[in-house]
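> Fit chains B and C to the supplied structure of chain A, relying on the hints for placement.
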Amino acid sequence: MEELKKLICISCPQGCTLEVTVEGKTVLKVDGESCKQGIEYAEQEITDPRRMIASTVQVKNGYHPLVPVYTKMPIPKNTIKNVLKELRKVELTAPVALGTVVIKNVLGTGIDVITSRDMPTRTAEQDHFLK
Amino acid sequence: MLEKYDFIIIGGGVVGSMIARWLSRYEASVLLIEKEADICMGASSANTAIVHAGYDPLPGSLKARMNIVGNPMWDQLSGELSFPFERRGDYVVAVGEEELPGLDTLMEQGKVNGVPGMKMLSKAEVLAREKNINPDVSGALWASTGGICDPFAVTIAAAENAVMNGVKVLLNTSFEDFIMEGTRIVGIKTNRGDFGCRWVINSAGMYSDEIMHKAGIRPEFVIKPRRGEYFVFDRADLTIDNVLFPVPSLKGKGILVTTTLHGNTIIGPNSVFGEEKEDRSTTHEGLEEIWQGAKNLVPCLNQKHIIAMFVGLRPYGNGPCKSPGIDYQHDYIIEIPTEVQGFVNLGGIESPGLTSSPAIAQEVVDLLKDAGEKLKEKKEWDPVRRARPRFRDMSHKERKLLIEKDPRYGRVICRCENVTEGEIAAEIHAPIPATTYDALKRRTWLGTGRCQGGFDMPRVVKIIADELGVSPLEVTKKGQGSNFLLRPTKQVGA
Amino acid sequence: MVLKNIYDVVVIGSGPGGLAAAVAAKKEGAEDVLVIERDMELGGILIQCIHNGFGVEIFKEDLPGPSYAQRFIKEVFSLGVEILLDTMVLDITPQRKIYASNKRLGFVEIEARSIVLAMGCRERSRPQIRIPGTRPVGVYTAGTAQRWVNVEGYMPGNRVVILGSGDIGMIMARRLTFEGAKVERVLEVMPYLTGLTRNYVQCLLDFDIQLQLRHTVKRVLGNNCVEAVEAVQVDEKWNPVPGSEEIIPCDTLLLSVGLIPENELSRKAGVKLDPITSGPYVDDNFQTNVPGIFAAGNVVHVYDLVDWVTEAGFQAGKCAAKYAIVTHRKESNYVPLIAGDNVRYIVPQKLDKRNLEENEIRLQMRVTQPIEQPVWIEVHDKENLVARKAERYVRPGEMVTVVLKQKNYKDVEKAENLTINIAPR
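Residue numbers (the numbering used here), protein chains in the order written: chain A, 1 to 131; chain B, 1001 to 1494; chain C, 2001 to 2425.
I should point out that these hints are in silico values taken from the structure, not numbers from a laboratory.
Backbone N, C-alpha and C define an ideal beta-carbon position, used for all residues, glycine too.
Some clues are possibly wrong.
[Unchecked claim] PhoX-like cross-link-like pairs, simulated, lysine-lysine; straight-line CA separation at most 20 Å: (1) C:Lys2272 x B:Lys1304; (2) C:Lys2004 x B:Lys1400; (3) A:Lys104 x A:Lys77; (4) C:Lys2182 x A:Lys81; (5) C:Lys2237 x B:Lys1304; (6) B:Lys1405 x C:Lys2103; (7) C:Lys2182 x A:Lys85.
[To be verified] Chain B is faced by these chain A residues, among others (derived, beta-carbon under 10 Å): (8) Lys29; (9) Leu84; (10) Leu87; (11) Arg88; (12) Glu91.
[To be verified] Label pairs and their calculated CB-CB ranges: (13) C:Lys2027 x B:Lys1397: 35 to 41 Å; (14) A:Asn105 x C:Lys2027: 37 to 43 Å; (15) B:Glu1398 x A:Asn82: 55 to 61 Å; (16) B:Asn1172 x C:Val2002: 48 to 54 Å.
So here's chain A without its partners, still in its complex pose:
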């Protein structure tokens, strides 16, 4: 049975409202998009909704107690909760560089979680300021 679904594209800040005609998990038609990303998004959202996830993990001896991390690619929506749980178990030790893999292939999604900044050690950071 054909069905009309309204989605809001999150590919860019514009946030186009998409009218997607679907049958089961098959996309038949997309209206309202401003670029081809809209069509890709609709297809993805209907068949396999995914999100980028950004959070933090603990870091020992870091200038801050947490280092921010994110999924390199969007992960399946239904794994978010468990990925967050996994991240709570992680503790890195400073110094940590931007792009360090925190969890490889998180929960078998094929996607790595990586750090989004350098995290110097507490002392190194202070020395850095004193130079």
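Chains B and C alone, transformed into the frame defined by chain A:
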């Protein structure tokens, strides 16, 4: 063994702190207890900060006498205790011809009370002195002895000077009951144990009725909280140079427009009776009332420039005036009652309580002397308490020198008010330690500016934690139960 | 680090606008560029914006805030921009003198040939939107909570109501949910969302967080800590709809109710502000009304995307550098004149070398002490004698004149300064 004192003062508001400072002059042991995490937490903390000239209280009342005796004491006091005080004078402003007779009444009252330096000003004179005033002003009463102060600074300075001279201050300590021997008070019970004493001084402000009832004194006396709401404005956007009262009505002195010593314009208060002695919540209606009231004096006020709002609670009592022939039921109580021994009883000390506080302290000393108490002056009494450095008020050169001495004064924590780490640390380790965010705020004015702590709060919490050697989780805004932080981010379900 | 007395470009603030300005200034050829940052590290608010969504316009990549910042931080370091961290600027004069202080260098005075103001903005706080009620702990701006949760590592509460559907508010709703808190409600007084629609989808819808439009907080309850808020619907005239009140138990109220450009320093520098934007009036080079003072990013007006802040920073930095270079060129043409032996003063105090190429320059001075015998009036560039003139005597009451001619240009051009001495022959 019971810890014993000659005097125990209940309540660390401006009156209790002044009494402590006055008693510290004599050879006697003094304990001041305060139920909150800091001194100056009740009526003394939230008011218009005005040292009143004295034309307002009813002639013949104790309020009038304390006001008139208290006002001239402030110059010396501010010199000795190093707190900011400016005798700028104040205006009662009549708007429209119909308000002019009200000024005459006040002038008469002021003359009877003995207020010096009063003068009637014409419309033109008022307009020339305050550019922002309502152009419909019809005249004003000018009183040159009116002043403004910082009530926190005053209370803290007085209490610190008392501590310097041997008074002990216990915070987070609340009175529970008296320990009696027959009709003689010999001590008190508190949440932190019992203390013996020869005298108890009731300066418990809002709770003074409950304390005197525990002693069996004046069962008919009740304190009702009379709420007053206020707005504070960004000083970068509006400056009012003068203290502007409206012509008073039956409800009180009315909604005024004034300035703090930090340059912020303040408007308020209204006057609404509340039931709860701790209810300091602002209301939509109340805020609207003060807004309209203040606009009548200064029409150019702009809502956009409001940076803070607060409520003050006045301890409104029903103490009858003792002067014969005067029917007035809301006077101060300052007495040594005869029903019990060892009790100095104060009650109903609302406005002009701040102005009167040094006079009240002197009155208490006089009453004690009259009661046969041999108060012998200490040789080593030091009336001088020095203020700690305030980066904001310094010249570039002074700042340079200060930072050379202690680099922590070079690190500005509060950007709006230019408060430094050095000042914060100094207050945390002061004679009366400021261990909560609000305690630091009231001493240094950090977080009182236009961003209201948005930037400094996380940094100040860290500094308090570091200085006290505790976890940031233990740092509070204003004492027990007001912790900023609940748990580490990653400890879910802990 | 040793501070120079004068910099070509001083950038105040190291958020996206400031970092871009520093990079652009350096690339435009400004030699000495200094960034002053009040925090302990560069990056400004980007450091706490750990979510994705940055850089889509200028990098064509979807980056988290810290990564976006780090790209510029790296560039700033590799270009040799000087950096003052943990330093608060206290004052700026219209003559571009900057007063700042920190723990290590103390109170410092820095001159700048041009300045880029990049202080960003601050969040509106509770009193500014007049939320009545008690004053307990637990009412924070969304940004303050973000700092605690993402950077300092602490949660302010477990049950949260958010007022305002701005981006930071919605993003914090998701962040707090991620870290185990329950976001009870997002309230928005306007009849529409004030942030980006995509944030509504991925921050609220995805996690079943309820958004109520046309709703606000009527009052805050709780004495020591927040115990609940009373929410209420408002009508078209923003008046509360009686009977629509609802008590929502919570321990935290976050405010995401708008941003205001941070211009207290700008005012001190004499920069005129637009009452609508609350930011400086700027021209298309982002120059303010004060010559040599530029402004970039959220300090000018509040942007919705960081990418546009960066672009504004580039433009302002570039123009600030140009201004500084021109100023510098003018300055380096000048040669100061120093009153040496027995000279009280000289007018002019400095001379423009280029003028000497075409015209002679008359120097007038007075002596300190009379010398009643023949004297030499000598103009020196260090050891090298540039010009001299003989007089029979000099007296303080009588002005002395020396004229530099076009033929002196060669000597003067090389000079850093010129000293005039008067001594007996």
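> Against the structure shown, which of the earlier numbered hints fail to hold, in ascending order?
Hint check: 8 fails alone, others pass.
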